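Trainee: Sequence:
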Amino acid sequence: MRLRALLETDALGLRLLGGEDELDRTVRGVMTTDLRDPSRYLSGGELVLTGLAWRRDAADSEPFVRILAGAGVAGLAAGEAELGDIPADLVEACLHHRLPLFAVHETVAFATITEYVVRQVSGERAGDLAAVVDRHRRLMTSGPAGGGPEVVLDLLTSDLDLRAWVLSPTGRQIAGAGAPLPGPLGATLAGHHLAATRTGRRAPHRAAVGGTTYSLFPIRNTGRGAVPAARDVRESVLSDWLLAVEADASDWPSARLDLLQGVTQLIAVERDRRDAARTVRRRLAQEVLELVQSGAAPAEIAARLRVAAPVLLPGLGVAPQWQVVVARVDWSASGQPAAAGEIASGPVAQALLEEILVDPAVSGPDSADRIAVAHTGEEAIALVPLPALITASPEHDDDGASAESDGEDADALAGEPGLHADALLASVREPLTAGLADDGRLTLGVSAAVHSAEGLRGALEEARHARRVAAARPGRVCAAGHHELASHVLLLPFVPDDVRRAFTARLLDPLRDYDRRHRAELIETLEAFLDCDGSWTRCAARLHLHVNTLRYRVGRIEQLTGRDLSRLEDKLDFFLALRMS
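Sequence positions in the sequence shown follow the numbering used here and run 1 to 581.
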């Protein structure tokens, strides 16, 4: 805004004392000070407000004004509340340094002037940024991206002092200005956004995390793969990007909200372009999948893999190994599965699997270039090439995975190349659970690595079996790996429910009843005893019990059930009952 505009606003109560020829100066901010030397806090273009507390005698005015002029401030406004009339020496110093001087009536608070200037300057900056965004939008829709979303996010930071990040539905950072958003924070914000979207709340969504408030704006997919607005929100909620802004937008004026909506539309154009780039990889996966499912000759499948490998692994030519990952998203209504065709789950699972397979430690939109995902019916199927250098990440917590996958061998996993089922979900479970709410489930199965085209058909069946094992588990987001198909967990999901209930009730109900009456913790003791392979010493140490107390509890278990825990058959029966319960 211009200095002249301040005089034209009666509510500010300003009176010009000098500098009429300088009223076209631009005001970029406002600062209140009574320091004798405020230069360290000035950057140029400010309207400086002062109550004159720095002035002890006439000699103080000249150095004070000289400092302001040297810093390039736009003007000086002095309050009349302290001294009444503005001292003549201050007027003369301002005339000498060509610094516009205003008198502020004693009835006008500096806060009123500050609020007015900040509001006007912010509005003009928003208008300038809107013009830049509109120009950039036209560039992106008609030609190359010209820098991508980062350019607009940088403008938000420099012109509106807003820090912002573009996040995937799992919270992975796609783009950002300045310091990257920590991964756990991104996942938490994505979870807030997905949960709010599922409840139908109007965006932007407000999220307070760690004492900081963020506003979350959806970035709608507007390209050929977009879901019409009238369709079910569940068809898009798990695939849309979001814009996270470090600010509370609840009290923003409509002009600023419109500006941010324009930013999201601009980023959506870039999203559409990146989605279009995935078309080649998706088509390659679809062609390989159709050949595998139709029983094509291995030579024909191998030829198609030779075409796919350079696209997915630029510079390496041929992938030494491949893995297959199968995912499915199922929705229910009132506890019943959704009717066939009611919700298009295949494309949702496809977009979601493409996101899940991206290494969570890699940021940016192009980190999924090695992922080829097709969908058939309600399934999404990924063909993942494994270069020789890719091995399991040592920091994956396979102890946690073992707990969910019923004993997956951590030592065996650590030395195997490729993807591990639970490691894939470690960083995305929180936001996806929020997006699935109480009516959706994601299940995922991972095959072993295969070295040739002949192994792909078996790998596909293996991944599908693993997914069915995952589907038999409780929880909204579940995965299973090929290791589990060689153990009892492959059999348990297919035991009829009535047989399962009868078997577990016969063995465990007497113990549960006793625990309810006596708080004896027999079930906990049984689980620990089996987990310690029947070792009295290790089990007692784990439960913090004396060995004699442990022997008493095990004896009570055997007395109530009529079983003998020194016999392998009885141990196995108890083990299976606990797994099925």
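No lab work stands behind these hints, which were simulated from the structure alone. Predicted model, so just to flag it, every value in this text is computed and none were measured. Glycine included, each C-beta is placed from N, C-alpha and C at the ideal position. Be aware that one or more of the hints could be misleading.
[As the list claims (entries may be wrong)] Label pairs and their calculated CB-CB ranges:
hint: 1; residue 1: 95; residue 2: 273; range: 52 to 62 Å
hint: 2; residue 1: 518; residue 2: 562; range: 10 to 20 Å
hint: 3; residue 1: 43; residue 2: 439; range: 48 to 58 Å
hint: 4; residue 1: 502; residue 2: 377; range: 31 to 41 Å
hint: 5; residue 1: 298; residue 2: 206; range: 48 to 58 Å
hint: 6; residue 1: 296; residue 2: 579; range: 38 to 48 Å
hint: 7; residue 1: 4; residue 2: 209; range: 22 to 32 Å
hint: 8; residue 1: 523; residue 2: 546; range: 12 to 22 Å
hint: 9; residue 1: 296; residue 2: 496; range: 50 to 60 Å
hint: 10; residue 1: 5; residue 2: 43; range: 14 to 24 Å
hint: 11; residue 1: 276; residue 2: 296; range: 52 to 62 Å
hint: 12; residue 1: 21; residue 2: 184; range: 51 to 61 Å
Trainee: Evaluate each hint against the coordinates.
Mentor: Quick rundown of the hints versus the structure:
1. 95 x 273: 52 to 62 Å: Taking Cβ atoms as reference, residue 95 and residue 273 lie about 58 Å apart, which means the hint holds.
2. 518 x 562: 10 to 20 Å: holds, 19 Å
3. 43 x 439: 48 to 58 Å: holds, 53 Å
4. 502 x 377: 31 to 41 Å: holds, 35 Å
5. 298 x 206: 48 to 58 Å: Between residue 298 and residue 206, where Cβ atoms are some 56 Å apart, the hint holds.
6. 296 x 579: 38 to 48 Å: holds, 39 Å
7. 4 x 209: 22 to 32 Å: The hint (22 to 32 Å, Cβ to Cβ) is violated, given that residue 4 and residue 209 are roughly 44 Å apart.
8. 523 x 546: 12 to 22 Å: holds, 20 Å
9. 296 x 496: 50 to 60 Å: At 37 Å between Cβs, range violated.
10. 5 x 43: 14 to 24 Å: The hint (14 to 24 Å, Cβ to Cβ) holds, given that residue 5 and residue 43 are roughly 21 Å apart.
11. 276 x 296: 52 to 62 Å: At roughly 28 Å between Cβ atoms, residue 296 and residue 276 fall outside 52 to 62 Å, so the hint is violated.
12. 21 x 184: 51 to 61 Å: holds, 57 Å
Against the hints set out earlier in the document, violations occur for numbers 7, 9 and 11.
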